[in-house]
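Novice: Taking this note's numbering, the leading residue of the sequence shown gets 1, the next gets one more, and so forth.
Calculated directly from the structure, the hints in this document are not laboratory data. Since the structure is predicted, the reported quantities are computational estimates derived from the model, not experimental observations.
When the alpha-carbon atoms are kept at most 20 Å apart in a straight line, the in silico EDC-like pairs for lysine to aspartate or glutamate are as follows: (1) Lys71 / Glu49; (2) Lys53 / Glu101; (3) Lys104 / Glu91; (4) Lys104 / Glu49; (5) Lys111 / Asp26; (6) Lys28 / Glu101; (7) Lys100 / Asp74; (8) Lys104 / Asp87; (9) Lys71 / Glu101; (10) Lys33 / Glu101; (11) Lys100 / Glu49; (12) Lys71 / Glu56; (13) Lys53 / Glu68; (14) Lys100 / Asp86; (15) Lys109 / Asp26; (16) Lys100 / Glu68; (17) Lys28 / Asp86; (18) Lys48 / Glu101.
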Amino acid sequence: MDSESSVTVNGVTKNSHDKMPKKGIDFKRWQQKMLFYLTTMNLAHAVKEEAPKSGENPMSKETMITIEAWKQSDFLCINYILNRLDDTLYEFYSSYNSAKEVWKLLEKKYKT
Numbered sequence: 001m002d003s004e005s006s007v008t009v010n011g012v013t014k015n016s017h018d019k020m021p022k023k024g025i026d027f028k029r030w031q032q033k034m035l036f037y038l039t040t041m042n043l044a045h046a047v048k049e050e051a052p053k054s055g056e057n058p059m060s061k062e063t064m065i066t067i068e069a070w071k072q073s074d075f076l077c078i079n080y081i082l083n084r085l086d087d088t089l090y091e092f093y094s095s096y097n098s099a100k101e102v103w104k105l106l107e108k109k110y111k112t
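Please model the complete structure; the sequences and the hints are all you need to start from.
Specialist: In structure tokens, the structure reads:
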């Protein structure tokens, strides 16, 4: 058996790398894998860029579409990140409102 441990539950194999590691280089590796995954899903912008804001009143249709698309991307992104966390971390970080906020908090806590 290699250095990665795996467990089969209900016919689904779950590897040890599915959960976020604790500190340092392991977190950096997890973060890079997560960023790659978010990029392939076209969601990485939700952790890298600021959410669009509207200074218009009333908002144009284009602005509303842009903001709604961002909200959908952010919703998916934050939930992909949360689902890769341990249950205790999930409970804590699920109270935050944006993927970028969670991403930055995880970086602050776990990156050395």
